[in-house]
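*Asks:* Residue 65 is where the sequence shown ends in my numbering, and the numbering goes up by one at each step.
A few of these clues could be false.
To be verified - Think about it this way: if two alpha-carbon atoms lie no more than 20 angstroms apart in a straight line, the pair counts; the simulated EDC-like pairs of lysine to aspartate or glutamate are:
hint: 1; residue 1: Lys61; residue 2: Glu32
hint: 2; residue 1: Lys35; residue 2: Glu54
hint: 3; residue 1: Lys13; residue 2: Glu32
hint: 4; residue 1: Lys13; residue 2: Asp24
hint: 5; residue 1: Lys35; residue 2: Glu46
hint: 6; residue 1: Lys61; residue 2: Glu42
hint: 7; residue 1: Lys35; residue 2: Glu12
hint: 8; residue 1: Lys61; residue 2: Glu51
hint: 9; residue 1: Lys35; residue 2: Asp24
hint: 10; residue 1: Lys13; residue 2: Glu46
Unchecked claim - Label pairs and their computed distance ranges (CB to CB):
hint: 11; residue 1: Ala16; residue 2: Gln64; range: 31 to 37 angstroms
hint: 12; residue 1: Ala65; residue 2: Glu42; range: 28 to 34 angstroms
hint: 13; residue 1: His56; residue 2: Ser17; range: 18 to 24 angstroms
hint: 14; residue 1: Ala50; residue 2: Ser26; range: 15 to 21 angstroms
hint: 15; residue 1: Ala60; residue 2: Asn3; range: 31 to 37 angstroms
hint: 16; residue 1: Leu20; residue 2: Gln62; range: 28 to 34 angstroms
hint: 17; residue 1: Lys61; residue 2: Ser5; range: 36 to 42 angstroms
hint: 18; residue 1: Ile43; residue 2: Glu15; range: 37 to 43 angstroms
hint: 19; residue 1: Gly41; residue 2: Lys61; range: 38 to 44 angstroms
hint: 20; residue 1: Ala16; residue 2: Arg49; range: 33 to 39 angstroms
hint: 21; residue 1: Ala8; residue 2: Glu51; range: 16 to 22 angstroms
Simulated from the structure, these hints should not be mistaken for laboratory data. Predicted model, so just to flag it, every value in this text is computed and none were measured. Think of the CB as a built atom: it goes at the ideal place given N, C-alpha and C, for glycine as much as any other residue.
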Amino acid sequence: MSNSSVRARGFEKAEASLRLEGMDPSGTPLYEGIKQRIIAGEITYEQGRAEIFEYHAQRAKQHQA
Numbered sequence: 001m002s003n004s005s006v007r008a009r010g011f012e013k014a015e016a017s018l019r020l021e022g023m024d025p026s027g028t029p030l031y032e033g034i035k036q037r038i039i040a041g042e043i044t045y046e047q048g049r050a051e052i053f054e055y056h057a058q059r060a061k062q063h064q065a
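Given only the sequences and the hints, what does the whole structure look like? Please build it.
*Replies:* Shown next, in the form of C-alpha cells:
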C-alpha cells in the first residue's frame, strides 16, 4: 500500500469517527485543500494541523475586534 493510500485511509477513519461525534469537517475548502496536500505528501500532518489552527486563531481574533 502506498504512503498516499495509507494517509487517505487514515483520513477516512478520522472523518468517520468525527461524524459519530456529530462533527464533520469534510467539504470545507480549507479542510479539503489541506487534506489533499497531506495525502499527496506535500505537507506533514503537523503542518496541516498548524495551518488549520492558525486559520481559526485568526478568525477568533477578528471576531474579538
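*Asks:* A separate judgement is required for each hint: does it hold in the structure or not?
*Replies:* Status of each hint after checking the structure:
| no. | hint | in the structure |
| --- | --- | --- |
| 1 | Lys61 - Glu32 | violated, 23 angstroms |
| 2 | Lys35 - Glu54 | holds, 16 angstroms |
| 3 | Lys13 - Glu32 | holds, 15 angstroms |
| 4 | Lys13 - Asp24 | holds, 12 angstroms |
| 5 | Lys35 - Glu46 | holds, 12 angstroms |
| 6 | Lys61 - Glu42 | violated, 29 angstroms |
| 7 | Lys35 - Glu12 | holds, 11 angstroms |
| 8 | Lys61 - Glu51 | holds, 15 angstroms |
| 9 | Lys35 - Asp24 | holds, 13 angstroms |
| 10 | Lys13 - Glu46 | holds, 18 angstroms |
| 11 | Ala16 - Gln64: 31 to 37 angstroms | holds, 34 angstroms |
| 12 | Ala65 - Glu42: 28 to 34 angstroms | holds, 33 angstroms |
| 13 | His56 - Ser17: 18 to 24 angstroms | holds, 20 angstroms |
| 14 | Ala50 - Ser26: 15 to 21 angstroms | holds, 20 angstroms |
| 15 | Ala60 - Asn3: 31 to 37 angstroms | holds, 34 angstroms |
| 16 | Leu20 - Gln62: 28 to 34 angstroms | holds, 31 angstroms |
| 17 | Lys61 - Ser5: 36 to 42 angstroms | holds, 38 angstroms |
| 18 | Ile43 - Glu15: 37 to 43 angstroms | violated, 18 angstroms |
| 19 | Gly41 - Lys61: 38 to 44 angstroms | violated, 31 angstroms |
| 20 | Ala16 - Arg49: 33 to 39 angstroms | violated, 19 angstroms |
| 21 | Ala8 - Glu51: 16 to 22 angstroms | holds, 19 angstroms |
Going down the numbered hints, you'll see the structure goes against 1, 6, 18, 19 and 20, while the others check out.
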